[in-house]
Amino acid sequence: MMLDPVELSRLQWAWVITWHILLPAFTVGLASYIAVLEGLYFFTGREVFFRLSGFWTRIFAVSFGMGVVSGIIMPFQFGTNWSRFTDATADVLSPMMAYEGLMAFFLEASFLGVLLFGRRLVPAWAHFFAALMVAFGTLLSAFWILATNSWMQTPQGYQMVDGRFVPADWFAIVFNPSFPYRLVHNVTGFYITTAFVVMGVGAWLLRRGRAVEDSRMMIRMALDLLIVIVPLQIFFGDQHGLNTLEYQPAKVAAIEGRYDTAAPAPLTLFGIPDDRAGTMRYAVDVPVIGSLILTHSWNGTVKGLKEWPPDQWPPVALPFFAFRIMVGIGLIMLGVAIAGQVLQLRGRLWDSVWFLRLCQLVAPLGFIAVVCGWITTEVGRQPWTVYGLVRTADSVTPSLTSTDVALSLALYVIVYLVMFPTGIAFMAGLVRRGPQQQDSETARVESGRSNRPFEDAVRAGPDS
Amino acid sequence: MVLDLVPLWTFLLALAVFYYVVFDGFDLGVGMLYGFAPGEEARSTVMNSIAPVWDGNETWLVFGGLGLLAAFPLAFTIIIPAVYFPILIMLLALVFRGVAFEFRFKHAGVRRFWDRAFWVGSAVATFAQGVVLGAFIQGFKAEGRHFTGTSFDWVTPFALLTGIALMFGYGLLGACWLVLKTEGDLQEWARRAARLCLIGVLVAIVAVSIWTPLEHPDIARRWFTWPNIGFLAPVPVITALIAVGEWYALTHRQELTPFLGAVGLFLMSFIGIAISLWPMIVPYHYTLWEAASSSSTQAFLLIGTLFLLPVILMYTAWSYWVFRGKVRGDLGYH
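So the protein sequences, as listed, match chains B and A. Oh and the first sequence: position 166 is 320 in this note's numbering, straight run, nothing missing. Oh and the second sequence: position 92 is 1126 in this note's numbering, straight run, nothing missing.
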């Protein structure tokens, strides 16, 4: 069977956005971490914070650069593959996307250069300020792009004129109903992702007996953050889910794997969804808990997909499984965070080799959780691009043939499979090198005041 | 009465596109010349001449794309599908070229691969942009609000000509940039390269200037009827004068003048195309006003742009100031 241009365009979009989202998932949290390190160094003057900030800033520069390069691709996708969607929504969505681009560049151009190369050129407070602004800038980027995405999920503040969305109230457009929940849930997820990477890198260095003070500081800081934000994230996720239940009940039905309405509804732990038959095969159910989670009552009604005509159903399998993976990872993360705190309170954190190994093992889990969360919300939005108003099938560029999109998708696959592994290997090289064991007096190779983020990272790299 | 923001957005978009063409133009040109530079040391100087600035230049492509989308969405949704493959090829070439810049310093073993990726990527991206320009001048098939041609409509002799023309054009900008930034033998080599590119550019300008009015009677009427011919005659005359001056500058010991002359040639070509197509943004279908987004959209984005754009421009000017003068050995990649 030949895939049609809609399916192929969706695959292409999924391919370029999934690689791209890995970078903000890391850089948003890392920028804030660097700002905290810079702040601690500014106020306490302890060298360990100085070394850690330098170490992570070099890694930040590489991932930020890759984020920019893969991000340039994204706005053009709207024109090449989704021109009918773009035509309908541009008046509302394009300024928000433009703000994202403008602010990302604003931050890159002005403050990242200072952060990377300016330690000697500007006073200490200005360097700290630059770190704060970079962190603020990454959050602003997340703000605008998630506002855009949320509007597609829960559109409001517009008027329809000749089949196109025209802005009526910008405040309502930006602060649409799902936006606050999505923003908080995403940014917290990004912070958790970064914290687990930091902890994993600390554990790796510590097990090799390298940079002991630095790695212990990394692990301790990550653990202290995680014990607060992992439980919070579970709460935020629940709130986000309730918001989805209110505005996108069909998406929740897909997540729950619920075809038939039930009161009280069980919680389906596992099963094989069958959209054609409209039933969950081999379901493993826990009675009543489904109602309890979704309605916070013992016998609340949970709507099944059959409340809607089948042409408005999202495909169940992807959101169903992706959601379970995300929640499973969340529970593992909670366990790791609690175990770490217990070990720390007993003073046995540094001798527990098994725990350090565990930290290394779970380091990449945040990325998987972010991607799974993204799949849950995006596939759950189907079959719409603008929820309930514009169908995905009516969004694609009319002039495209299957061959056109198959060709472009193949090229994106090839180029990304060269670019991303090389970039990740490059960052791994920086990690292997570890924090430089120099203090602030003797360090800093900053003779060439380049504003190229990669460049110093390269110059400080293992083979130079 | 709502204020008409279309002229202002037209100006801002024209500024962004021209800025992009000149600035990423010279570093794409330098990228292409890199493949021909004599010797390892010269190559490294060539690369260092753009190391601190190229990625800032490239970001203007995003401004151009998003600006077109936000201010003239109808143009975006018709033009971009029509040049699906040139855009794809351009983006991938730019990605490859960008990462080649970073990765070629990592291992000597794969260096040759990334070296080639760098100059081939620059050439391919430039050619693709020239094709987009050619397709734009030729116009698009559209009905209602959609492009109705095929994804290969851009394959025409004219678009291939403009593709090659732009390679000479960016080559000229790049060579003139090297004249400005280098000394000695390398500078002399850059002058020769610039003269070669200049000949290519002039041939291309003449070819496009003859071909376009022959194919589009409306454009011929605009340029060659009285009294327009009187008002517009300065455009070709000034272009010719700049061309003569450019040749003089490249055969004498001038350093900054060749670059300014090259920018002047681009500016005159830009003005020429604008005169031919005005007021169309989707050539031969929609005017700037017909393709514009709602005034609320344009106003909402304008507020932030008027604040951020000057800051970005000032920062950019400052970073060029920091790296002024000849390429120094202790700066950039080693």
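Just so you know, not all the hints are guaranteed correct.
Looking from chain B toward chain A, a few residues come up when the C-beta cut is under 10 Å (computed) [said to hold, decoys possible]:
id: 1; residue: Gly-193
id: 2; residue: Leu-194
id: 3; residue: Thr-198
id: 4; residue: Phe-232
id: 5; residue: Pro-249
id: 6; residue: Pro-321
id: 7; residue: Thr-449
id: 8; residue: His-450
id: 9; residue: Asn-453
id: 10; residue: Val-559
id: 11; residue: Ile-568
id: 12; residue: Thr-576
id: 13; residue: Ile-578
These are computed hints drawn from the structure, not numbers from a lab. Treat the numbers as computed from the prediction; the structure is a model and nothing was measured. We put the beta carbon where it would ideally sit given N, CA and C, even for glycine.
(request) Identify whether the interface hint at B:Val-559 stands, where standing means a beta carbon of chain A within less than 10 Å of its own. (result) holds (9 Å)
(message) Please check whether B:Ile-578 passes as an interface residue: C-beta within 10 Å of a C-beta belonging to chain A.
(response) violated (12 Å)
(request) Hold the hint about B:Thr-449 up to the distance rule: shortest CB distance to chain A must be less than 10 Å. (result) violated (39 Å)
(message) Holds or violated: the hint that B:Ile-568 contacts chain A, with Cβ atoms closer than 10 Å.
(response) holds (9 Å)
(request) Hold the hint about B:Thr-576 up to the distance rule: shortest CB distance to chain A must be less than 10 Å. (result) With Cβ-Cβ at 6 Å, under 10 Å, it holds.
(request) Would you check whether B:Thr-198 satisfies its interface hint, that is, whether its CB is within less than 10 Å of any CB in chain A? (result) This interface hint is violated because 31 Å lies over the 10 Å limit.
(request) Verify the interface restraint on B:His-450: the C-beta must sit less than 10 Å from at least one C-beta of chain A. (result) violated (39 Å)
(request) Answer holds if the nearest beta-carbon of chain A is closer than 10 Å to that of B:Phe-232; otherwise answer violated. (result) holds (7 Å)
(request) Have a go at the B:Asn-453 hint: is there a Cβ in chain A nearer than 10 Å to its own Cβ? (result) violated (47 Å)
(message) Using the nearest Cβ pair, does B:Pro-249 come within less than 10 Å of chain A?
(response) holds (4 Å)
(request) Double-check B:Pro-321 for me: the hint is only fine if its C-beta lies closer than 10 Å to a C-beta in chain A. (result) holds (5 Å)
(message) A closest beta-carbon separation below 10 Å is what the hint needs, so does B:Leu-194 meet it against chain A?
(response) The hint is violated - B:Leu-194 has no Cβ within 10 Å of chain A, the shortest such distance being about 28 Å.
The structure is inconsistent with the numbered hints 1, 2, 3, 7, 8, 9 and 13, although it conforms to all the rest.
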